[in-house]
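Colleague: Here are the chains, one letter per residue:
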Amino acid sequence: MSIFPLAMARNLGLLGFLALIYASLSIPGAAVIRPINEAHRSAALELFVPTHGSFGSLEETYEALRTFQILGVEKSAEISHATCPVIVEKLESSSSISKDLFHALRVNSILGCQIDARTFEDVASKLQAVIKDTNSLLDFHYAVGGLLYIKDQGINVILSDGDGTFHSIKALSQSDGRWRYDSNSAESSTYAAGIALETIAGVVSLADKVVDESKIGIVKNDIVKLFDSIKSYDDGTLYFDEKHVDASEYKGPLTTSASVVRGVTAFATVASGRLNIPNDKMLGLAKFFLSIGIPGSTKDLFDQIESLSRLENNRVSIPLILSLPSTVLSLTSKDQLKVEVTTVFGSAAPPLTVRMVQASRSDSKGTPVLENQELQFDSENTIHYLDIIPLKLDVGKYTLIFEISLHDPENTNTYATGGRTRLMAFVTGSIKIDKAEIGILESDAGNSETLQKLDLSRDSTLSLSANHLQKLRLSFQLITPLGHNFKPHQVFLKLRHETNVEHIFVMESSARQFKITLDFLGLVERFYYLSGKYKIELTVGDAAMENSFLRALGHVELDLPEPPEKAAHPPPQPVDPYLRFGPKQEISHIFRAPEKRPPKELSLAFLALTLLPFVGFLIGLMRLGVNLKSFPSSTVPAAFSILFHVGIAVVLLLYVLFWLKLDLFTTLKGLGFLGVFLVFVGHRTLSYHASTTAKLKSS
Amino acid sequence: MAKSTSSDAQMLIRSLRTAYAATPTNLKIIDLYVVYAIVTAVIQVVYMGIVGSFPFNSFLSGVLSCVGTTVLAVCLRIQVNKENKEFKDLPPERAFADFVLCNLVLHLVIMNFLG
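Just so you know, the sequences run in chain order Z and E. Here the UniProt record's numbering is used: the first residue of the first sequence is 1, the next is one more, and so on. Here the UniProt record's numbering is used: the first residue of the second sequence is 1, the next is one more, and so on.
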C-alpha cells in the first residue's frame, strides 16, 4: 500500500519527511482497536518467563498464571513444583500477615497444590481475626479475598459480622465516590475505590445473613458518583485516573481503571438489580484497554487481560467491539469491505446487523459519498461484508461511520454497542499515467514539436542537452480507475549532478495534468553554476496508489556559465560512513638516527692499549723488587691472609658479574655478606701484620 | 749561559733522581700505581677524543675510576709516609685498610655507572 519506503530513500530527505508529517496529521491520532488475539498470547509467553521454575514473588506468580489461564496457556505443571512448597510454607507459618496469606491463596486457586483442610481452617480463623481488629482497607481486602478463595476450596466460611464489616469499609468512602485507605489518611484514591468495591462484594457473598437492600443501594450511588469522574481521550476511549498525582503512590490510568473495573464487575455480580452505569462508559473502558495494543511490561499485560476478561461477561453490560480486519481495500483485487463485531476477546456477538451510515472522503468536508448501506452477514466466517465495486468508490482515504442494531431488543441492556463508530479505511487502485511528454524549449515560446513522448511505465534513457538559456519541460496526466483526475501526495522531479549534488522540484498540477518547466536561467545560482551531466528521476507516489514509482528518465547535459567570485559552493556530499573502517594511510615513522659507533677494530685496539699500562705496572713492580717476605708463615695468620686476598678477589669478581648481568640489589646483598667477612678477616690479618712489624721495630 | 741552564737542568734532574732513590720501596710502589692509573685515564681520554663521547656515562665512569683510585692512592701515600709528622700515630695497616675499603666502594659506584 504505502509508497513511503520508496520516498524514504536517503536522497529525498526533507521532502519525504514533510510528506510523512502531512500524512500522519490527516489521521486523528487513534490507535486501531482490535479484539484480543494470538499476538497477545505470544506476548504473554515472551514477557512472563519463569526463572528456575518460578515467576518471582507470589504476587508476580499470580499475575503470570492468571494471564496464562485467561489466554488459555497451560503453565501450572511447570510452576507448581517450585511454587507449591512456598505456598504451603506461607500458609502454615504463624508469622505470615494477611497480605502474604492472600497472595498464597490466590496462586493456590490456580495451581491446586495439595493442602489439607486443617491448614485452610487455621488460615480462615486467622483472617477472621484480622477482619475483626483492623480498620485498614487493604487489610480488609486481603482478608475477605483470602476467605473467598478458602470458600472455593470447599471449606465452610461464614463472616459472622457482615454488617459490621460492611460499615467499617463504607466508613472510609468519600462523597465523590473515592475511598480512603484507612481512617488516618486524608487523601482518597480511585484505585482504593476499586479495591473497596471488590471487598464489599466479597463481604456480601460471605455474610451469614443477607445484607440490607438499602445498603446495596448506597454503594450503587457511590459507583455512579465514581463514574462521574471518568476521563476521556479524543478517540472516544474512557479511563480512570487519580485526581492528585502523589509520586510515591501514583499507579497510572491502566492500573487504576483495572482496579475500578474489577471492583464494579465483582459488585455487579453480587448485587441484585441493575447498576445505573451507561453502556457507553463500559464500551469506552473496553476500548481503552484494547487501544493499548500489546503492553510491554508484565504488570500492564496482566491488568489489561484481567480487566478485559472481567468485561467479557459482566452483569453491567458486555461491550461489543466493531473493527475492520483490514483497513486497505484494493480495487485491483476486488476486495470486499469486511467488518467484525465481537466481544473484547473475539467471541461471537448476539445476532445483529451492521449498517454503514456514511462514507465520506477524508480530505473533503463536503457531502458523503455513500449513505445507509446495510452490510450482509457471512455466518460461516462471522463477518459482515459489503461489495464496494458496484458502489463506484474511487481511490483515496475514507472515513466510514457504522451503526450496530441488535436483533433481540432484550439484548439492548445486556450489550453495549456504542451508537456510531468512526473508522478509517484506504481504497487503493492502479493509477494510469497518460500523455507523458518531455523536451527542451528555447526561452522564447517553444513549440510543442520539440517535445518527445515518454513511457512512464518503465525507466527511460533519454539524452538531452541544454544551456542556461533554455528550459526543460515535463508533463503528464494521472487517471484513477474510475476515470477521474488523481492528485497524489508526492510528485517530485530530481536532477542529480555527477558529483552527487541533488536538486528536487515539486510538480504543480493544473486542472487536467501535472507539469513542470525548469527555466535554467533562473536556476543557475541554485545549481551552484555546476555544468555537466545531470541524471533525471521522477517520483510519483500516494498511499492510495498501488503502482507508485521512482523512474530514472535518463540524463540532461547542462551547460551553465562560469561561477562569479562570490558564488556559493555546492554543499559537501556525505561520505560513505563505512569508509572509516577501511585501511588507513600508511604512517612513516621518523626514528632517531642511531649514533655513529666507531669501527670495531679501533675499539679493540684501544682495549689492548688500555691494558698495556697494567703490564707496565707489573714490570715496574718486578723492577722495584717486590717480594712476599712479610707474608706470615704460621698457618692461622697465613690462612687469614689468604682469605683476605681471596675476599678482595671475590668482591672484584662480583663487580664484574654486576656489570655483566646482575642488578644493584643482588649485588648489594652479596656485597653485604662479603663486606662483613672481609672486614673481619682483614682486621685479623692487618692487626697481626701490625703486631709483627711493631715487634721487629722494638727488637 | 745556555750551557749552564742546560747543565743546571741536568743537575736538577740528577739530584731529583738521587733523592727519589732514597724513598722507601713501599712509597715507590704507590707512586708506580699512581702513574699507572694516570696513564690509563689519558689513554681513555685520547680514545674519546677520536671516537666521540657517545656512551658518555661509560667514558665518565672509566676516567673517574682512574682519577678516584689515584686520589685514594695519594691519600694512602700521605698517611704511610714516615716523614709525615701529622700521621705519626696512624698505623700503616689501618691506612691500607681504608684504602682498600674506599676503593671497593668507588668501584661499586663505577660499575653501576658503567652501564
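Derived by calculation from the structure, the hints in this document are not laboratory data. Treat the hints with care, as some may be off.
[Unchecked claim] With a straight-line Cα cutoff of 30 angstroms, these simulated DSS-like cross-link-like pairs (lysine-lysine) come out:
no.: 1; chain 1: Z; residue 1: Lys695; chain 2: E; residue 2: Lys85
no.: 2; chain 1: Z; residue 1: Lys566; chain 2: Z; residue 2: Lys584
no.: 3; chain 1: Z; residue 1: Lys334; chain 2: Z; residue 2: Lys220
no.: 4; chain 1: Z; residue 1: Lys392; chain 2: Z; residue 2: Lys365
no.: 5; chain 1: Z; residue 1: Lys334; chain 2: Z; residue 2: Lys251
no.: 6; chain 1: E; residue 1: Lys82; chain 2: Z; residue 2: Lys629
no.: 7; chain 1: Z; residue 1: Lys535; chain 2: Z; residue 2: Lys600
no.: 8; chain 1: Z; residue 1: Lys697; chain 2: E; residue 2: Lys85
no.: 9; chain 1: Z; residue 1: Lys432; chain 2: E; residue 2: Lys28
no.: 10; chain 1: Z; residue 1: Lys334; chain 2: Z; residue 2: Lys99
no.: 11; chain 1: Z; residue 1: Lys487; chain 2: Z; residue 2: Lys453
no.: 12; chain 1: Z; residue 1: Lys629; chain 2: E; residue 2: Lys88
no.: 13; chain 1: Z; residue 1: Lys697; chain 2: Z; residue 2: Lys669
no.: 14; chain 1: Z; residue 1: Lys600; chain 2: Z; residue 2: Lys629
no.: 15; chain 1: Z; residue 1: Lys365; chain 2: Z; residue 2: Lys487
no.: 16; chain 1: E; residue 1: Lys88; chain 2: Z; residue 2: Lys697
no.: 17; chain 1: Z; residue 1: Lys299; chain 2: E; residue 2: Lys85
no.: 18; chain 1: Z; residue 1: Lys209; chain 2: E; residue 2: Lys28
no.: 19; chain 1: Z; residue 1: Lys629; chain 2: E; residue 2: Lys85
no.: 20; chain 1: Z; residue 1: Lys90; chain 2: Z; residue 2: Lys75
no.: 21; chain 1: Z; residue 1: Lys596; chain 2: Z; residue 2: Lys584
no.: 22; chain 1: E; residue 1: Lys88; chain 2: Z; residue 2: Lys669
no.: 23; chain 1: Z; residue 1: Lys629; chain 2: Z; residue 2: Lys596
no.: 24; chain 1: Z; residue 1: Lys365; chain 2: E; residue 2: Lys85
no.: 25; chain 1: E; residue 1: Lys28; chain 2: Z; residue 2: Lys629
no.: 26; chain 1: Z; residue 1: Lys669; chain 2: Z; residue 2: Lys695
[Stated by the list, open to error] Have a look at the derived ranges for each label pair, beta carbon to beta carbon:
no.: 27; chain 1: Z; residue 1: Asn500; chain 2: E; residue 2: Phe54; range: 26 to 34 angstroms
no.: 28; chain 1: Z; residue 1: Thr635; chain 2: E; residue 2: Val71; range: 33 to 41 angstroms
no.: 29; chain 1: E; residue 1: Gly52; chain 2: Z; residue 2: Ala608; range: 15 to 23 angstroms
no.: 30; chain 1: E; residue 1: Val109; chain 2: Z; residue 2: Lys695; range: 22 to 30 angstroms
no.: 31; chain 1: Z; residue 1: Val676; chain 2: E; residue 2: Tyr20; range: 52 to 60 angstroms
no.: 32; chain 1: Z; residue 1: Lys695; chain 2: E; residue 2: Ile13; range: 35 to 43 angstroms
no.: 33; chain 1: Z; residue 1: Thr635; chain 2: E; residue 2: Phe56; range: 49 to 57 angstroms
no.: 34; chain 1: Z; residue 1: His589; chain 2: E; residue 2: Gly52; range: 52 to 60 angstroms
no.: 35; chain 1: E; residue 1: Phe56; chain 2: Z; residue 2: Leu609; range: 18 to 26 angstroms
Predicted model only: the values in this text are computed from it and were never measured. Built from N, CA and C at the ideal position, the CB exists for glycine as well.
Colleague: Give a verdict on every hint.
Modeller: For each hint, the structure was consulted:
no.	hint	verdict
1	Z:Lys695 x E:Lys85	holds, 22 angstroms
2	Z:Lys566 x Z:Lys584	violated, 36 angstroms
3	Z:Lys334 x Z:Lys220	violated, 52 angstroms
4	Z:Lys392 x Z:Lys365	holds, 19 angstroms
5	Z:Lys334 x Z:Lys251	violated, 48 angstroms
6	E:Lys82 x Z:Lys629	holds, 21 angstroms
7	Z:Lys535 x Z:Lys600	violated, 73 angstroms
8	Z:Lys697 x E:Lys85	holds, 18 angstroms
9	Z:Lys432 x E:Lys28	violated, 126 angstroms
10	Z:Lys334 x Z:Lys99	violated, 60 angstroms
11	Z:Lys487 x Z:Lys453	holds, 21 angstroms
12	Z:Lys629 x E:Lys88	holds, 25 angstroms
13	Z:Lys697 x Z:Lys669	violated, 42 angstroms
14	Z:Lys600 x Z:Lys629	violated, 45 angstroms
15	Z:Lys365 x Z:Lys487	holds, 17 angstroms
16	E:Lys88 x Z:Lys697	holds, 15 angstroms
17	Z:Lys299 x E:Lys85	violated, 108 angstroms
18	Z:Lys209 x E:Lys28	violated, 137 angstroms
19	Z:Lys629 x E:Lys85	holds, 28 angstroms
20	Z:Lys90 x Z:Lys75	holds, 22 angstroms
21	Z:Lys596 x Z:Lys584	violated, 35 angstroms
22	E:Lys88 x Z:Lys669	violated, 37 angstroms
23	Z:Lys629 x Z:Lys596	violated, 52 angstroms
24	Z:Lys365 x E:Lys85	violated, 133 angstroms
25	E:Lys28 x Z:Lys629	holds, 17 angstroms
26	Z:Lys669 x Z:Lys695	violated, 39 angstroms
27	Z:Asn500 x E:Phe54: 26 to 34 angstroms	violated, 59 angstroms
28	Z:Thr635 x E:Val71: 33 to 41 angstroms	holds, 38 angstroms
29	E:Gly52 x Z:Ala608: 15 to 23 angstroms	holds, 20 angstroms
30	E:Val109 x Z:Lys695: 22 to 30 angstroms	violated, 39 angstroms
31	Z:Val676 x E:Tyr20: 52 to 60 angstroms	violated, 41 angstroms
32	Z:Lys695 x E:Ile13: 35 to 43 angstroms	holds, 41 angstroms
33	Z:Thr635 x E:Phe56: 49 to 57 angstroms	holds, 51 angstroms
34	Z:His589 x E:Gly52: 52 to 60 angstroms	violated, 26 angstroms
35	E:Phe56 x Z:Leu609: 18 to 26 angstroms	holds, 20 angstroms
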